[in-house]
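Peer 1: Heads up: the protein sequence lines correspond to chains A and B, in order.
Numbering (our numbering) for the first sequence: 306 to 475.
Numbering (our numbering) for the second sequence: 697 to 1364.
Calculated from the structure, these hints are not laboratory results.
Treat the hints loosely; a few may be bogus.
What the hints assert, rightly or not - Label-pair distances were calculated between CB atoms; the ranges are:
(1) L845/B <-> V456/A: 32 to 42 Å
(2) E371/A <-> A1210/B: 50 to 60 Å
(3) R900/B <-> G413/A: 56 to 66 Å
(4) A705/B <-> G413/A: 18 to 28 Å
(5) W375/A <-> P1233/B: 18 to 28 Å
(6) R470/A <-> G771/B: 48 to 58 Å
Unchecked claim - Stretch by stretch, here's where chain A covers chain B in the computed footprint (C-beta under 8 Å, at least three residues):
(7) 726–739
(8) 749–758
(9) 1048–1058
(10) 1206–1216
(11) 1318–1329
We put the beta carbon where it would ideally sit given N, CA and C, even for glycine.
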Amino acid sequence: MQEPPKGYWNPYLAGFLLGLTLLASLLTLGAGLGASGALARVGAFLEHLALPGHTASSEYFGRWTESPLWYYLVFMFIGTFLGGLLSAVFAGRVRCTVERGAAFSARGRLLMALVGGVIVGYASRLAGGCTSGQALTGGALLLTGSLLFMVSVFAGGYTAAYFVRRQWHG
Amino acid sequence: MVETFYGLAELSSPRAMFVAGIIGLAFGFVLERAGFGSSRRLAGIFYFRDMTVLKVMFTAVITAMLGIGYAVGMGWLSLADQVYLMPTVYGAQILGGLLFGVGFVISGWCPGTAAVGGASGKLDAFVFLIGAVLGSIVFNETFSLIEPLYRWGTQAEPLFAFGFSKTAFAVVFTVVAIAAFYFAEWAERIVAGGGPYLSSRFLRSFSLALLVFAVGLFLLPYDAAVRDSYASGSSTVIGESALLEAVDAAADHIEPEDLADRLLAGDPGLVLVDVRGPGEFQAFHINGAVNVPLPQLPEYLLPYKNRGLIVVYSNGMTHPAQARDALARLGYENAYMLTDELQGFVDRCLKPVSLRNEPLSEEQAERVRKWRSFFLGSGPVLAASATPSPADGQPSTGLSGMVSTEWLASNLARPELKLIDVRPQPDYNTAHIAGSVCLNPESFRGVIGGVSSMLLPGDVLASLLSLMGIKPSDTVVLVPGDSIRDATLVGMGLDRLNHRQWAILDGGFDRWSAEDRPVDDQLPAPAATSYPAPDKPDWFTVDAQAVLSHLGDGRTVIVDTRPADYYRGEKSDERRAGHIPGAVNRPYKEDLQEDGQLKPLEPLADAYATLIPSKDTPIIVHCRTGHQASQTYFVLKRLLGYRNVRWYDAGWTEWSARAELPVAPQGS
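Whole structure, please, built from the sequences with the hints as guidance.
Peer 2: Here it is as structure tokens:
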């Protein structure tokens, strides 16, 4: 790997542009980037659809049940998906796959993605944000709590990495 | 100055949604170009195989950090009002981070990158997103369990850079990032033979440029600018004439005179917080204040969030300004600081008339005397009522809920005293206290939103009061017959209008006439006034949605004041029988003696103490139409000093009729 793989940007340039995007978000919206907030809103929307009374009375989702999807992060998430699609299409990278190590089954990999997803969804609500909302945005604002979050993510990740290494082998 | 959607409170506007979508577009494009549409690459960082994540993330954070530093340092951006700053919650952020890291490495995704991964066709990304939505739902379902942890370590305001100078921290952070870049390149080379930029001129120049910009921050007042933007909220001073207007216009101060009047009138929606140390508090505090240390403030005030009026004071400007700003950022729109702090209150309200430099009018002097006697404890301003207020340290009110016939007789001649007789009209016409007007309490109610027997909106009530010739400054005494709840219902209307001084005649008309006090059969001739309509809905009336949101929260006590057989669902006049799940039953009649008068205070206090854990417990009272519950509201709020009582006016009439609302016992 002497150069970035074809069609990928120099990571430092990509990071610089990502930083400018974050800066633009802070200067126009007055709020940084975010992604997990949108997923939580979708969760509130779906749960409200299934159990309206129960969800409206729940303490966490209850305050959103008026119109959970009318939220700037939901729109940002849609934008993120479309932006990713645009870039992937231009680079000819859209391909339906389950990414995994050769020695790992697709079903096993999907199960890992699901389990990890539940944990990430839960943890994002607990911490009040994810890699975008806490680590990137809060880090750029030098918020103590977000810096702690960033360090904790790496600590948790490196601790668990050994146990799930098989899914990427081969 | 940059004005953001957040700063303009327009983050929910269609324009903000559009801008967010565009920013998302750029965000997604860059993430994909960085290679974040691949979970294998993302997970690579945890095996030192592919450190792209570290390089991109650190560069982005440093870039935006420097951009913000310059924007703030140049005075273009105010962090305190224009940017949403996440609250600092040590426990949740550390534990959430650890958990997040584990989930990240198991799944190979985080929410933003999974959106991009999904867009480039990765099925595992879609599965991850479904999982994350499920995880959010699980969080909601387990919220009551996790809540202590979710709030553990909450700081009163967002903290920056571990308390170090932001500029110095930014420089150190930049150096750490550059070190991390070189470490990442080196690790890639060792582990996978990569590390393409390890000895490149590009990385050297790039690192140098970042460092130069970071050091350049020292030329700007970055730290001072942030500090100033925090303190700037505290410089407004409001002229006395514009006082009420200014408070309503969400200025952040309340004048001492206004506070004094509100305390004197026993404003039920007022929470006064002294944030000084306990020693200073013990030595002297404003009568009616509670002492809460700054760190516990958000937690303590949660039940009062956007309900009533929160006033925070200290003896210097900094603490309360910070506390108020922190509260404002946590979404409190009803937190105010006391202008000129405790010293101002003492100088402007409590300083004896004789020691003042400026001359006072007789009216002003009388006001000062009332304040002094109330706050410095030389006895109640208005004569004692038949039912003294409880002596357990509750904030005392100038006018307790009830006045005695004796008090009324000696104050009857005062021009600002207005009497409303709430007995049936034939009884009134036969004999009433001279000057009283007759009011059928039902005329305060009507159909609202399809629900019958609802207390009318403030503007309608204001015009009714105008026709009765009542002004906001009047002291109103309500005269009931044998049904005290008729008076308490009218009282709800007065509370909705924020009428400051009102009370109920203890013993009602019957005691008055039994004591052979003078009565009259003439109709009074009140001159119509123009009672101002309140510009906000009251803070104590709740709707079904709000009741629903408190079910099972483990704090709120719902008191159903209907007769026990209705509560149990054995009798019913409605579509569904039973009660609101979790509600406790305390029939309003239990508070009455056989003659229809309220029981003495002591048995009432004992009875409610067994139902409600503390005077700060959030309480919602309701009955069928709101009438009986108004009596319980009065007992709890005005006589027993419960601080957080609300009223579900629509009551069982609405609850039973709306099939989607839960009912206990089930199946009834």
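Peer 1: Please verify the coverage claim for the stretch 1048–1058 of chain B: does it have three or more residues whose C-beta sits within 8 Å of some C-beta in chain A?
Peer 2: Per the Cβ count (0), the hint is violated.
Peer 1: For the stretch 726–739 of chain B, do three or more residues have a beta carbon lying closer than 8 Å to a beta carbon of chain A?
Peer 2: Our answer is that it holds, as 11 residues pass the Cβ test (under 8 Å) against chain A, meeting three.
Peer 1: Looking only at beta-carbon atoms, does the pair R470/A, G771/B fall within the given range of 48 to 58 Å?
Peer 2: Once the Cβ atoms are compared, 50 Å apart, the range 48 to 58 Å for G771/B and R470/A holds.
Peer 1: So the hint says 56 to 66 Å: do the beta-carbon atoms of R900/B and G413/A match that?
Peer 2: violated, 43 Å
Peer 1: Against the range 50 to 60 Å, how does the distance between the Cβ atoms of E371/A and A1210/B compare: consistent or not?
Peer 2: Since E371/A and A1210/B have Cβ atoms about 54 Å apart, the given range 50 to 60 Å holds.
Peer 1: Taking beta carbons only, do three or more residues of the stretch 1206–1216 of chain B come closer than 8 Å to chain A?
Peer 2: Per the Cβ count (0), the hint is violated.
Peer 1: Within 18 to 28 Å: is that where the Cβ-Cβ distance between W375/A and P1233/B falls?
Peer 2: holds, 23 Å
Peer 1: Is the distance from the Cβ of A705/B to the Cβ of G413/A consistent with 18 to 28 Å?
Peer 2: Because 48 Å falls outside the window, the suggested range is violated.
Peer 1: Count the residues of the stretch 749–758 of chain B whose Cβ falls closer than 8 Å to any Cβ of chain A, and tell me whether that reaches three.
Peer 2: Satisfied; 8 residues make the cut.
Peer 1: Between L845/B and V456/A, is the Cβ distance one that fits in 32 to 42 Å?
Peer 2: violated, 19 Å
Peer 1: Mind checking, does the stretch 1318–1329 of chain B have 3 or more residues with a CB under 8 Å from chain A?
Peer 2: violated (count 0)
Checked against the numbered hints given earlier, the structure breaks hints 1, 3, 4, 9, 10 and 11 and satisfies all the rest.
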